[in-house]
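Novice: Use the sequences and the hints to build the structure in full.
Top to bottom, those sequences are chains R and C. Letter 37 of the first sequence, counting from 1, is numbered 37 in this note's numbering, and no numbers are missing. Letter 105 of the second sequence, counting from 1, is numbered 105 in this note's numbering, and no numbers are missing.
Certain hints may be false.
Taking lysine-lysine pairs in the BS3-like style, the calculated list, with each CA pair at most 25 Å apart, reads [as the list claims (entries may be wrong)]:
no., chain 1, residue 1, chain 2, residue 2
1, R, K343, C, K62
2, C, K111, R, K335
3, R, K31, R, K46
4, R, K18, R, K46
5, C, K111, C, K88
6, R, K316, C, K78
7, R, K18, R, K7
8, C, K111, R, K343
What the hints contain is simulated information worked out from the structure, not anything from laboratory work. On a predicted model such as this, the values are computed, not experimentally measured, just so you know.
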Amino acid sequence: MRKCSSKKKSYLALKHRKIIAKQTRNAHRHKHETRRFKLLEKASRKANPDFYETRDLRKKMIKITYKKKSYDSPIVKIDIEKDLGIENPDDIDYFLDKASTFIDFNSKHLYLDFSKCNRVWPSGITLLCSLKQWAELTSQAKRKPIIMSSSSNNVRVNSYLGHCGFYDYVGRKKDTDENYYSNKEVVKIQREKRRSNGEERENEITDLLRQYSVLTENEIMMFDSIILTEVFSNVTEHGISKVDAGWWILAQYHQTHKFISISIADNGIGIRNSLMTGPQRNEIKRRLNNDPKNDGQFICHALTENVSGALAASQKKGLLVRRYESGSRRGHGLKRISSCCSKLKIPFAIISHYGYTFLDADGQIVTTGAKLSKVFAGTMYHFSIKTK
Amino acid sequence: MATKVIDVGVDFYHRLVNRDSLQCDGKFNAVEFRHKYLKELDNQQSWENSDEFIQLDFSHVKKIGPSFANEAFGYFTKYTKPKQILQKIVCKNINEVSLMIIEEELNAGYKNK
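Specialist: Written out as structure tokens, the structure reads:
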């Protein structure tokens, strides 16, 4: 042991006192800041009780929707025997039926058998990514379910799943190095880490449209300014951040079938939950019953009426005739998307949790409804654009 | 008073898409734009005449979204008609799609009544 001089001893004591004083100061500051924040929140709660009530309701809904569950049921095997996707109208029923069997699974192991599958369309890949997101959001850290998949007997399917970015997205090793597809024809699916990535993806999609679609420059500008802007605003706003920003996109030019398929999705609470926890909930409650069975009707309502689930959405006012005040107002988004799609003759579909709505190129609702189980863990927007 | 001239793409931003700080990355949003350039118009007296107040040059603007247009311009439909708004806020070098979006949002805001 070394001898400590009195000078050194006093120096150390002073240093110790300084550290203690600094820690005490920081603790006081923290306490003061917390109290100040609480007082500020209390004051603004008093000034704007509706906003805070809505915010609390939304937080509660997010907590309920993504409640951690135990994945402990025995292994489930799902056979994907046909084409998986909504791009071909004949496959829509199969897609919805299949999706409802595995999105809300409870097993420790989920096995997807693709051996007989001959095609997975971009919407099918988007669906599988939503399954991955759902499992990540609802499982406990050390008790994550294991999702496995077999390769397809068709090498082109395996090649495409690797090529479009799906295997990288879900963290699966590629089956084959053979590549049948061109990079120019796809906007690959990936883990979007930031909300601001939207601009980059929008540019990639418009480049794809310029190269292959039948749309004129003005029509592409309309598609970009109205449809892409509104869809990206929705998905980035509703995506729940955990592993990534909670939204993803896949666009593909299908040379043989002569169209571009664009799927954009988020892992949010869905259109019904969003509307029913928004400021306009009481107004909407009068028209629609808050039941998953009505998810399709909620989508139709959002497409045709000016309703919004945003926390800052306006409410109707008035004693005798209730109406919105003039001025800026949220809630036009889906209506704008749907009217622009019909102007540009683009078939459009929305799938949100239990519900789905498909519109044809003239903007008419072709199919709408809901399944008994979830068909998508979030909301997906799908567009099919004709090519040259 | 001389009319203000703003090169929106240079002085503000080339991508006008966010309504407020909650949308997308929340940067360069419509609320910020309105407060920065159109604050003087946020009262009934400013709309008693149709004199030109500001010229917005859109030559460097890449795109304008409906939400942005609704919040930045549709907001003023609580004071007056869409036509007068476009007389007071003059949009220069704007492409037809962007102008169509602004007009559509002005009409939608006015029809809220």
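Novice: For every hint, state whether the structure bears it out.
Specialist: Here is what the structure says about each hint:
1. Proposed proximity of R:K343 and C:K62 is supported: the alpha carbons are some 22 Å apart, at most 25 Å.
2. Between the alpha carbons of C:K111 and R:K335 the distance comes to roughly 15 Å, so the proposed pair stays at or under 25 Å and holds.
3. Straight-line distance between C-alpha atoms of R:K31 and R:K46 comes to about 23 Å, which keeps the hinted pair within the 25 Å bound.
4. A distance of roughly 42 Å separates the Cα atoms of R:K18 and R:K46; the hinted pair therefore is violated under the 25 Å criterion.
5. Using a Cα cut-off of 25 Å, the hinted pair C:K111 and C:K88 holds, with the two alpha carbons roughly 20 Å apart.
6. Of the supplied pair hints, the one linking R:K316 and C:K78 holds, its CA atoms being roughly 15 Å apart against a limit of 25 Å.
7. Between R:K18 and R:K7, the direct Cα distance comes to roughly 17 Å. Compliance with the 25 Å bound is thereby established for this hinted pair.
8. Restraint check: the Cα-Cα separation between C:K111 and R:K343 comes to about 21 Å, which is no more than 25 Å; the hinted pair holds.
Violated hint for the displayed structure: number 4, the only one.
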